[in-house]
Structure formats: structure tokens, C-alpha cells
Amino acid sequence: MTKPAPVALRRAAVSAAAGALGLGLAAPLALAAPEAPARGGTAARFGGTVVYDAAPGVENDVAVGVFLGELAVQDETGAAAGPGCVRRNDVLVTCGPAAGVTRITLRTGDLDDRVHVAVPLDAVVDPGAGADQVTTHGGGDRITLGDGESGDRVASCGAGADAVAADPGDTVPASCENRLSPAT
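Mind the numbering: the sequence shown is residues -32 to -1, 1 to 152 in mature numbering (1 follows the signal peptide of the UniProt record, and there is no 0), read in order.
Quick caveat, the hints were computed from the structure, so don't treat them as lab data. Just so you know, these numbers come straight off a predicted model, no measurement behind them. One should not assume that every hint holds.
Simulated DEER-style distance windows between Cβ atoms [to be verified]:
1) 64 / 127: 35 to 43 Å
2) 14 / 56: 17 to 25 Å
3) 70 / 141: 23 to 31 Å
4) 68 / 139: 29 to 37 Å
5) 25 / 52: 36 to 44 Å
6) 129 / 16: 31 to 39 Å
We put the beta carbon where it would ideally sit given N, CA and C, even for glycine.
Based on the provided sequences and hints, a complete structural model is requested.
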């Protein structure tokens, strides 16, 4: 007679114990729903403007670009689709033809966020509180780093007439033509 494998013995013991106690372990395991993916924020399109609003309490990692001819918003912490956009997977949302988009608004809120806009459009970026990193390319960008804390960094504003409201101690390169003091 062959000796049962240790795994088979454990399964038999668990099944016998569950049956004796009336627990029926198989049913709860079968009914358990898969955990929903995290949602870093929601992208929506209103005419020629795409807006991304992040959920609070998330360190967002957002990139804006073009995917198969459509304007795409990707957040590594998860992305949901609002009006005018389609969710492609857990982290990618597309918002219609990129050719029709004239402005992008990104509000990532609290914590240490990263924002990278890789399209030459006007971008309005408000990364909120935290030590944030922002990169934009082309367009007349408006970046608000004025959260009352130093440590934010703009890597590049690209071409275009850009304005950055920054606190003392924030890093703003020369490619951002206008550095403004934040409103107090």
C-alpha cells in the first residue's frame, strides 16, 4: 500500500474537522469575492479638457500620454474612468482622441505624488501637499506647488509660457519661465 502524501493528509484532516464541526469551509471560500483594485483617482473628459482627480490618502504616480491615438491617463496606484473616458485596465484610462484635447487638469492631492505630462498641451497641475515631483512638456503650463512646505520639485516645464507657484525650498528649473509666490 502506498503512503499518502503529507499534503493529502492535511487536506483530509481539515475536511474531517470541518465536517465534524459543521463549518463547511468550501462554501465560504467559493463565495469570497476578489478584492477590488485600489483606485488612485478618476479621469473624465469635458469637451477639450481632461481632468484627473486623485483620491485622498494615495501617493499617486500619474503619467499622461497618447495610447493608440487616444489621450491616456495612467496612475500606477489605480485609475477609474469618469464621463468621456474608458478604463482599459486597473491603471490605464483613455479619454477619446488626443487630437481634440486642448487642456489637462491634474489634481493629485495629499502625500508625495509624481506627475509626468508627456504631451505638448496646456497642463494645470496641482499636486497638493507632500514632496511632489512634476514634469510637463510643451504648452502653457500652470503648476501650483504652494502647499506651505518645501521639497516639491519640477523636473522640467518644457516649451511654452509656463508659470509655477512655489514655496521657498521648492526646486523649479529655468524651463519654467515664471516663478510665482504662492497665494497666502
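Comparing the hints with the structure gives:
Distance hint for residue 64 and residue 127: a CB-CB separation of about 25 Å, inconsistent with the stated range 35 to 43 Å. In this structure the hint that residue 14 and residue 56 lie 17 to 25 Å apart at CB holds, the actual value being about 20 Å. In this structure, residue 70 and residue 141 meet the distance hint of 23 to 31 Å, their C-beta atoms being roughly 25 Å apart. The hint said 29 to 37 Å for the Cβ distance between residue 68 and residue 139, and at roughly 34 Å that hint holds.
For the pair residue 25 and residue 52, the beta carbons lie near 26 Å from each other, so the given range of 36 to 44 Å is not met. Distance hint check for residue 129 and residue 16: the Cβ-Cβ separation is about 19 Å, which falls outside the suggested range of 31 to 39 Å.
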